[in-house]
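There are 2 protein chains.
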Amino acid sequence: MKIIRESTPLEDGFRMPAEYERHQGCIMIFPERRDSWQYGGYAARKAFVQVAEAIAESEEVTVCVSGDLYDSARALLPPEVRVVEMSSNDAWARDYAPTFVKNSQGEVRGVDWGFNAWGGLWDGLYFPWDKDSRMARKLCDLMGKDVYDKRDFILEGGSIHVDGEGTCMVTESCLLSQGRNPGLSREEIEDILRQYLGVSVVLWLPWGIYNDETNGHIDNICAFTSPGHVVLAWTEEEGDVQYAMSRACLEYLEQALDAQGRRLKVHRLPLPRPVTVTEEECRGLDPCWDQPSRRPGERLAASYVNFYIANGSIVMPGFGDPADREAREILQGLFPERKVVQIPARDILMGGGNIHCITQQVPM
Amino acid sequence: MKIIRESTPLEDGFRMPAEYERHQGCIMIFPERRDSWQYGGYAARKAFVQVAEAIAESEEVTVCVSGDLYDSARALLPPEVRVVEMSSNDAWARDYAPTFVKNSQGEVRGVDWGFNAWGGLWDGLYFPWDKDSRMARKLCDLMGKDVYDKRDFILEGGSIHVDGEGTCMVTESCLLSQGRNPGLSREEIEDILRQYLGVSVVLWLPWGIYNDETNGHIDNICAFTSPGHVVLAWTEEEGDVQYAMSRACLEYLEQALDAQGRRLKVHRLPLPRPVTVTEEECRGLDPCWDQPSRRPGERLAASYVNFYIANGSIVMPGFGDPADREAREILQGLFPERKVVQIPARDILMGGGNIHCITQQVPM
Numbered sequence: 410m411k412i413i414r415e416s417t418p419l420e421d422g423f424r425m426p427a428e429y430e431r432h433q434g435c436i437m438i439f440p441e442r443r444d445s446w447q448y449g450g451y452a453a454r455k456a457f458v459q460v461a462e463a464i465a466e467s468e469e470v471t472v473c474v475s476g477d478l479y480d481s482a483r484a485l486l487p488p489e490v491r492v493v494e495m496s497s498n499d500a501w502a503r504d505y506a507p508t509f510v511k512n513s514q515g516e517v518r519g520v521d522w523g524f525n526a527w528g529g530l531w532d533g534l535y536f537p538w539d540k541d542s543r544m545a546r547k548l549c550d551l552m553g554k555d556v557y558d559k560r561d562f563i564l565e566g567g568s569i570h571v572d573g574e575g576t577c578m579v580t581e582s583c584l585l586s587q588g589r590n591p592g593l594s595r596e597e598i599e600d601i602l603r604q605y606l607g608v609s610v611v612l613w614l615p616w617g618i619y620n621d622e623t624n625g626h627i628d629n630i631c632a633f634t635s636p637g638h639v640v641l642a643w644t645e646e647e648g649d650v651q652y653a654m655s656r657a658c659l660e661y662l663e664q665a666l667d668a669q670g671r672r673l674k675v676h677r678l679p680l681p682r683p684v685t686v687t688e689e690e691c692r693g694l695d696p697c698w699d700q701p702s703r704r705p706g707e708r709l710a711a712s713y714v715n716f717y718i719a720n721g722s723i724v725m726p727g728f729g730d731p732a733d734r735e736a737r738e739i740l741q742g743l744f745p746e747r748k749v750v751q752i753p754a755r756d757i758l759m760g761g762g763n764i765h766c767i768t769q770q771v772p773m
Numbered sequence: 410m411k412i413i414r415e416s417t418p419l420e421d422g423f424r425m426p427a428e429y430e431r432h433q434g435c436i437m438i439f440p441e442r443r444d445s446w447q448y449g450g451y452a453a454r455k456a457f458v459q460v461a462e463a464i465a466e467s468e469e470v471t472v473c474v475s476g477d478l479y480d481s482a483r484a485l486l487p488p489e490v491r492v493v494e495m496s497s498n499d500a501w502a503r504d505y506a507p508t509f510v511k512n513s514q515g516e517v518r519g520v521d522w523g524f525n526a527w528g529g530l531w532d533g534l535y536f537p538w539d540k541d542s543r544m545a546r547k548l549c550d551l552m553g554k555d556v557y558d559k560r561d562f563i564l565e566g567g568s569i570h571v572d573g574e575g576t577c578m579v580t581e582s583c584l585l586s587q588g589r590n591p592g593l594s595r596e597e598i599e600d601i602l603r604q605y606l607g608v609s610v611v612l613w614l615p616w617g618i619y620n621d622e623t624n625g626h627i628d629n630i631c632a633f634t635s636p637g638h639v640v641l642a643w644t645e646e647e648g649d650v651q652y653a654m655s656r657a658c659l660e661y662l663e664q665a666l667d668a669q670g671r672r673l674k675v676h677r678l679p680l681p682r683p684v685t686v687t688e689e690e691c692r693g694l695d696p697c698w699d700q701p702s703r704r705p706g707e708r709l710a711a712s713y714v715n716f717y718i719a720n721g722s723i724v725m726p727g728f729g730d731p732a733d734r735e736a737r738e739i740l741q742g743l744f745p746e747r748k749v750v751q752i753p754a755r756d757i758l759m760g761g762g763n764i765h766c767i768t769q770q771v772p773m
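Residue numbers (this note's numbering), protein chains in the order written: chain Z, 410 to 773; chain B, 410 to 773.
Worth flagging that the hints you see were computed from the coordinates, not collected in a lab.
It is possible that part of the hints are untrue.
Which copy? The list can't say, so a pair holds if one copy fits it or any two copies do.
Claimed, not checked - Computed cross-link-like contacts, EDC-like style, restricted to lysine to aspartate or glutamate with a CA-CA straight-line distance of at most 20 angstroms:
| hint | residue 1 | residue 2 |
| --- | --- | --- |
| 1 | K455 | E574 |
| 2 | K411 | D695 |
| 3 | K748 | E469 |
| 4 | K674 | E469 |
| 5 | K554 | E489 |
| 6 | K554 | D480 |
| 7 | K411 | E599 |
| 8 | K411 | E735 |
| 9 | K540 | E689 |
| 10 | K455 | D421 |
| 11 | K748 | E466 |
| 12 | K540 | D477 |
| 13 | K748 | E468 |
| 14 | K748 | E430 |
| 15 | K411 | E469 |
| 16 | K411 | E462 |
| 17 | K554 | E469 |
| 18 | K748 | E622 |
| 19 | K554 | E468 |
| 20 | K411 | E489 |
| 21 | K411 | E466 |
| 22 | K554 | D695 |
| 23 | K540 | E597 |
| 24 | K411 | E468 |
| 25 | K554 | E466 |
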């Protein structure tokens, strides 16, 4: 594995493919952390296994797991899923597995961003995050891919979405947050995204999902479904705090042009009714340092936008909500070639993210 | 990764290739254990790096390392060597990485033997050995190779040598030791070797090298250099305890026939003068449980037979002994197509083995 510091992906002719382009496979991490996953993580691991099984139907899946849990992971996951030992602080492959870029000859390289647990000592979610922050490089090493070192810039994979045709979407609430890169201006951040994702246009949605502890990652509120098309998490409940946030995103998107000069077609994806944490769930969580990691009644950032696009399927969350079916049908309409698989995801959501957050695609 | 329990390699048409057949690559493990490697293992790691660099000139090298030492390993090893996180109890890839078998279509599978640290609770060398014993399976998982489960039979890779044409060599002192498979007869052990290595003839040398704490692994005393040819560790010092041991092996070999019915040609490889542990070295070793792991004056099992056959080179130990040169020239004569690289190996030998013990080839 070569570590590249003297050039950028853009300079070398690399760009980040869209998630709906062909994958070689998918990376996941087995959940274990007891202040993230209730009652020792048993329910979360079962849900992760369902996600891995669904994705493994159409692409290679590698699950990283601690040495302690390797045997459990191997026993729970089907033989076609590869299990490799790799230490981490938690299980968010989207955010600290590498972002992959590809050139026109088909070579794939990784980008190793800085990671500080979604805000570092400012408003990060746990400490330390040393193992997470080593994963991108370790995964490139494992896969024999060269890697761009961009650790001086804090970014999580869940805070960007690209259309594969020159456009990147982010949220202001996340990328301009004090806990990320407070010394950089919006223009400087845009320039880094252009250089390292090979894009020309950056779209800045104002917000993510209410109470999303990532400072509102784009991947929970809005996603490209094809060039020129996005789904936006949406509610008609004007009294809901999310309403104004989604509305502001819609207004931004309706006036935006993508890198190809297209006006975006915005498909509204309903949100489920608010999902809140129960007392019973809180009793099954260790404190994070001396603080409770969740409080009863706390609203979780549930959203159907947090789906994964596999080669042959859309793997999306379900919340046992009446909107589950409508959201599924909308995505099926937008991805007619792929089978939509809906997985009960409350036990993933409890950790603070969803199916997109726990997966990272490796381009073909 | 599929775990195979219903059939054996022989039944499925698989056999273990000889080490001098073409490799895809080599597996090593980074040394760390402080009761094995003096003064925190710094000198040992440098020697391991030299071995990895020499092998990497002609085949792919993967080095397994604990999460704690990953950064060190990555910094010390050249970029062309792959570094992967994998926990172990010590660094003997030969003994607990998989033994690989191959069929005529070129498919490669692993064999996962039982491992008990060279004798278990009878006369094993450390406790526990749980991480070591998981490595064969983990490595097959990592490489996407199916694996035969033969964990009910205790065997280390260093206790067997094959010629690739139906012959296996072992030592009685090791394979019949009380700490391995005391419930099995010699005939039953032979049958398992036939089934899992795809051989028809097992040659039983009586001994290994004096004071070799593996109960005298074959790979320290005798090795195939081509079909019909072996090198045997040899001393002309009749007063040395090793003399009778090597003499007994020679007499056995001179009357033996290999699987092709050939009389073996035995090439004598001189031994260095006895190598003993210094007080200074002992001071740099943690005790193993409450016992010193080495004692000043203790004789180490130094032997030039403990070399690795890479695609393009022979990587062999040197001991700063007058015999270094003669041994090198003998091996160069036996491997005219390969470059002989001699690496100062005292810091590897201190751990109890040598270059062959810390490597495991993966057939092409």
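Hint check:
1. In this assembly of identical chains, K455 and E574 lie within 20 angstroms of each other by CA distance neither inside one copy nor across copies; the values are 36 angstroms within and 47 angstroms between.
2. Within a single copy, K411 and D695 get their C-alpha atoms no closer than 40 angstroms, and across copies no closer than 36 angstroms, so neither meets the 20 angstroms cut-off.
3. In this homomeric assembly, K748 and E469 come within 20 angstroms of each other (Cα to Cα) only inside a single copy, at 17 angstroms, whereas the closest approach across copies is 39 angstroms.
4. Taking CA atoms no more than 20 angstroms apart as the test, K674 paired with E469 passes in neither setting, with 32 angstroms inside one copy and 49 angstroms between copies.
5. For a Cα distance limit of 20 angstroms, the shortest separation of K554 from E489 across copies, 11 angstroms, qualifies, whereas the shortest one inside one copy, 22 angstroms, does not.
6. For the identical chains of this complex, K554 and D480 are inter-copy neighbours only, at 17 angstroms across copies versus 27 angstroms inside a copy, given an alpha-carbon limit of 20 angstroms.
7. For the identical chains of this complex, K411 and E599 are neighbours neither inside a copy (26 angstroms) nor across copies (46 angstroms), given an alpha-carbon limit of 20 angstroms.
8. Taking the shortest Cα distances, K411 and E735 never come within 20 angstroms of each other, neither inside one copy (46 angstroms) nor across copies (39 angstroms).
9. In this homomeric assembly, K540 and E689 never come within 20 angstroms of each other (Cα to Cα): the closest approach is 30 angstroms inside a single copy and 36 angstroms across copies.
10. Proximity of K455 to D421 under the C-alpha cut-off of 20 angstroms is found in neither arrangement, the shortest distances being 41 angstroms within a copy and 35 angstroms between copies.
11. In the homo-oligomer, the alpha carbons of K748 and E466 lie at most 20 angstroms apart inside one protomer (11 angstroms), although the nearest pairing across protomers, at 47 angstroms, exceeds that limit.
12. Proximity of K540 and D477 under a CA criterion of 20 angstroms is satisfied in both settings, with 15 angstroms inside one chain copy and 9 angstroms between copies.
13. Within a single copy, K748 and E468 get their C-alpha atoms as close as 14 angstroms, which meets the 20 angstroms cut-off; across copies the closest is 42 angstroms, which misses it.
14. Proximity of K748 to E430 under the C-alpha cut-off of 20 angstroms is restricted to the intra-copy arrangement: shortest distance 16 angstroms within a copy versus 46 angstroms between copies.
15. When the C-alpha separation of K411 and E469 is checked against a cutoff of 20 angstroms, the pair qualifies only between copies, where the shortest distance is 15 angstroms, while the shortest distance within a copy is 24 angstroms.
16. For a Cα distance limit of 20 angstroms, the shortest separation of K411 from E462 across copies, 16 angstroms, qualifies, whereas the shortest one inside one copy, 32 angstroms, does not.
17. Taking the shortest alpha-carbon separations for K554 and E469, both the intra-copy value of 17 angstroms and the inter-copy value of 14 angstroms come in at or below 20 angstroms.
18. Taking identical chains as interchangeable, the C-alpha atoms of K748 and E622 are never at most 20 angstroms apart, the minima being 30 angstroms within one chain and 59 angstroms between chains.
19. Proximity of K554 and E468 under a CA criterion of 20 angstroms is satisfied in both settings, with 19 angstroms inside one chain copy and 17 angstroms between copies.
20. In this assembly of identical chains, the alpha carbons of K411 and E489 lie at most 20 angstroms apart only when taken from different copies (8 angstroms versus 29 angstroms within one copy).
21. In this assembly of identical chains, the alpha carbons of K411 and E466 lie at most 20 angstroms apart only when taken from different copies (16 angstroms versus 32 angstroms within one copy).
22. For the identical chains of this complex, K554 and D695 are neighbours neither inside a copy (37 angstroms) nor across copies (38 angstroms), given an alpha-carbon limit of 20 angstroms.
23. In this assembly of identical chains, K540 and E597 lie within 20 angstroms of each other by CA distance neither inside one copy nor across copies; the values are 28 angstroms within and 47 angstroms between.
24. Taking the shortest Cα distances, K411 and E468 sit within 20 angstroms of each other only across copies (17 angstroms), while inside one copy they are farther apart (26 angstroms).
25. For the homomeric pair K554 and E466, the shortest alpha-carbon distance between copies (19 angstroms) is at most 20 angstroms, but the shortest distance inside one copy (24 angstroms) is not.
Violated hints, listed in ascending order, are 1, 2, 4, 7, 8, 9, 10, 18, 22 and 23; each of the other numbered hints is respected by the structure.
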